[in-house]
Amino acid sequence: MATPLRSNSRLSTAMERTGQWVFSQEIPTDVIVEVGEANFNLHKFMLVAKSNYIRKLIMETNEADLTRLNLSEIPGGPEIFEKAAKFCYGVNFEITVHNVAALRCAAEYLQMTDKYCDNNLAGRTEDFLSQVALSSLSGAVVVLKSCEDLLPMAEELKIVQRCIDVASARACNEASFPCRTPPNWWTEELSILDVELFGRIIGAMKQRGAKPLTIAAALITYAERWLRDLVRDHSGNGIKCSEPIDSDLRIQQRELLESIVQLLPAEKAAFPIHFLCCLLRCAIFLKASSACRNEAEKRISLILEHVTVDDLLVLSFTYDGERLFDLDSVRRIISGFVEKEKSMAVFNGGHFREVSSSAMQRVAKTVDAYLAEIATAVELSISKFNGIANLVPKGARKVEDDLYRAIDVYLKSHPNLDEIEREKVCSSMDPLKLSYEARVHASQNKRLPVQIVLHALYYDQLKLRSGGADDRNQPDAMTTRNQLQADVSLVKENEALRTELLKMKMYISDMQKNNQTGTSSKSVGTRKPTFFSSMSKTLGKLNPFRHGSKDTSHIDDNLGVDVTKPRRRRFSIS
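All residue numbers for the sequence shown refer to full-length UniProt numbering, where the first residue is 1 and numbers rise by one.
Honestly, the hints are just simulated from the structure, not real lab data.
Worth double-checking, as some hints may not be accurate.
Claimed, not checked - Each pair of labels, with its calculated beta carbon distance range:
no.: 1; residue 1: A269; residue 2: N119; range: 54 to 60 Å
no.: 2; residue 1: N70; residue 2: G203; range: 37 to 43 Å
no.: 3; residue 1: I251; residue 2: D430; range: 44 to 50 Å
no.: 4; residue 1: K398; residue 2: K340; range: 17 to 23 Å
no.: 5; residue 1: E34; residue 2: E156; range: 24 to 30 Å
no.: 6; residue 1: S381; residue 2: Q252; range: 17 to 23 Å
no.: 7; residue 1: N390; residue 2: K513; range: 52 to 58 Å
no.: 8; residue 1: P272; residue 2: D118; range: 56 to 62 Å
no.: 9; residue 1: S259; residue 2: N70; range: 35 to 41 Å
no.: 10; residue 1: N41; residue 2: D165; range: 40 to 46 Å
no.: 11; residue 1: P272; residue 2: K115; range: 50 to 56 Å
no.: 12; residue 1: M344; residue 2: I251; range: 37 to 43 Å
no.: 13; residue 1: D246; residue 2: E60; range: 49 to 55 Å
no.: 14; residue 1: R225; residue 2: G123; range: 34 to 40 Å
Unchecked claim - Each computed BS3-like pair below joins lysine-lysine, with the alpha-carbon atoms no more than 30 Å apart:
no.: 15; residue 1: K384; residue 2: K365
no.: 16; residue 1: K446; residue 2: K365
no.: 17; residue 1: K424; residue 2: K365
no.: 18; residue 1: K503; residue 2: K513
no.: 19; residue 1: K394; residue 2: K412
We put the CB at the ideal spot given by N, CA and C, even for glycine.
Please model the entire structure based on the sequences and the hints provided.
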């Protein structure tokens with residue numbers, strides 16, 4: 001009946017039965033049909049009775065006796081032609097959801113329609129499609145899956161569109177009124193499809209008014225099926241990503257990811273933020289288009305108040321957990337959220353710097369904890385560390401203990417920083433916003449620059465001076481900060497004056513030494529008046545008792561009166 005070119009063992013059992021029936025007619029075969037690598041020895045009259053296409057080939061040939069036909073372009077290949085041949089010979093075979101689309105396309109190719117012959121193969125397959133295959137979601141999806149290898153003929157015969165209509169309608173109904181468990185079983189059914197056909201079903205579901213959460217459930221399942229290693233492995237301890245980024249697999253994954261992002265519904269909060277973070281990490285790793293990355297970043301920034309530290313770490317480390325990703329995406333996400341909060345504050349008539357929303361405060365706490373986690377990375381520069389820390393508005397941090405912890409971890413992980421670099425790291429922190437416990441720790445922390453330690457100590461002194469033992473009774477931060485700055489400036493001025501006085505004292509001491517040395521080495525004569533002798537003489541003029549109680553107001557200072565100290569006499573009683 002059929003003789004494959006490579007091995008006779010490729011004949012199926014059904015074909016052997018058909019061959020037995022053909023040869024039992026005791027009529028020799030008169031045509032060989034080539035379909036790919038298989039050859040089928042058949043009878044012309046049996047084929048012509050059902051196939052108008054084969055009849056035309058035989059009738060229109062210039063050969064006197066056509067003994068070989070090439071039908072390699074038949075949809076479905078040798079396996080489907082085998083069933084079509086069985087149908088021509090009247091041999092029963094099974095039509096299933098897996099082969100009905102291919103049989104329908106083969107019937108169209110061979111022109112085995114009811115117009116040519118009643119109750120032909122095309123009519124039989126159409127009945128099966130409408131009555132069996134397209135009566136359920138699972139059947140429609142399986143038929144649609146088989147159409148992936150039958151394009152464009154399956155599209156021209158409206159098989160694809162019929163399957164999409166049935167699948168989208170059934171999926172919407174199942175999402176609203178589940179009749180099986182688990183409730184999202186239909187998402188697993190849709191996930192077997194090619195991304196293009198899957199996208200068409202998602203589009204049809206949107207047109208039918210499917211809820212964003214319903215679309216999101218289907219997209220999450222689809223992404224986890226086709227990007228399993230990239231989406232499901234969040235620990236940072238898994239895949240080593242040995243595939244080069246320009247390999248066929250990575251290129252296919254990149255195109256798939258970009259298609260999934262394009263299918264995301266307009267509702268921004270439809271997806272869990274953890275899933276969005278995983279998509280963005282895939283986009284970063286696969287070097288997806290900027291449009292794909294920007295869309296994921298925008299969606300994350302809009303619901304950033306729900307983010308966790310683990311979610312941000314998903315974006316930050318490579319899949320093997322060995323090095324940091326580019327942190328620009330994290331910065332853009334935080335910046336986008338801050339801008340959204342500013343817009344909302346202005347819209348509500350408030351001032352963003354004065355009042356921070358609870359969402360902004362939660363994000364600030366999460367960002368500080370995130371900084372503490374990535375601070376141990378050796379390759380994290382000061383500029384990147386401060387760049388993320390400074391994105392959070394000052395008013396969002398009521399207490400900066402978490403930021404202090406992150407700074408301390410960074411200083412501990414980077415012990416070779418000098419004083420100036422350590423001050424740069426601490427520049428994003430306000431020491432006045434530390435709790436009492438944090439200030440005590442900071443005052444004893446040798447890793448901190450001296451300026452921060454002094455601020456911590458001085459702040460407690462101000463509190464004790466004002467008599468405020470409780471943080472609730474302390475003056476507001478702005479007043480305390482101004483007072484601290486004024487006191488620090490006074491301290492600096494006092495230090496400068498003290499330094500000048502010490503210099504003057506040293507200068508006077510040196511002059512006195514030089515004066516004593518000059519007196520002992522020079523001969524007796526008129527000494528050159530010095531600054532101290534002149535000053536002593538002037539002060540002496542102002543002393544009314546320099547010669548006892550005698551009135552000396554009439555004495556001229558220019559007469560040369562001896563005003564040296566009189567010789568001491570010893571008085572005794574004899």
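Hint by hint, here is what the structure shows:
1. A269 to N119: 54 to 60 Å: 56 Å, holds
2. N70 to G203: 37 to 43 Å: 40 Å, holds
3. I251 to D430: 44 to 50 Å: Holds: the Cβ-Cβ distance is about 49 Å, inside 44 to 50 Å.
4. K398 to K340: 17 to 23 Å: Cβ of K398 to Cβ of K340: about 21 Å, so the range 17 to 23 Å holds.
5. E34 to E156: 24 to 30 Å: 25 Å, holds
6. S381 to Q252: 17 to 23 Å: 35 Å, violated
7. N390 to K513: 52 to 58 Å: 57 Å, holds
8. P272 to D118: 56 to 62 Å: Given range 56 to 62 Å: holds, Cβ gap about 57 Å.
9. S259 to N70: 35 to 41 Å: 38 Å, holds
10. N41 to D165: 40 to 46 Å: At 42 Å between Cβs, range holds.
11. P272 to K115: 50 to 56 Å: 55 Å, holds
12. M344 to I251: 37 to 43 Å: About 41 Å separates the Cβ atoms of M344 and I251, which means 37 to 43 Å holds.
13. D246 to E60: 49 to 55 Å: Because 50 Å falls inside the window, the suggested range holds.
14. R225 to G123: 34 to 40 Å: 37 Å, holds
15. K384 to K365: 18 Å, holds
16. K446 to K365: Given that 30 Å is the threshold and the Cα spacing comes to 25 Å, the pair holds.
17. K424 to K365: 21 Å, holds
18. K503 to K513: 16 Å, holds
19. K394 to K412: 25 Å, holds
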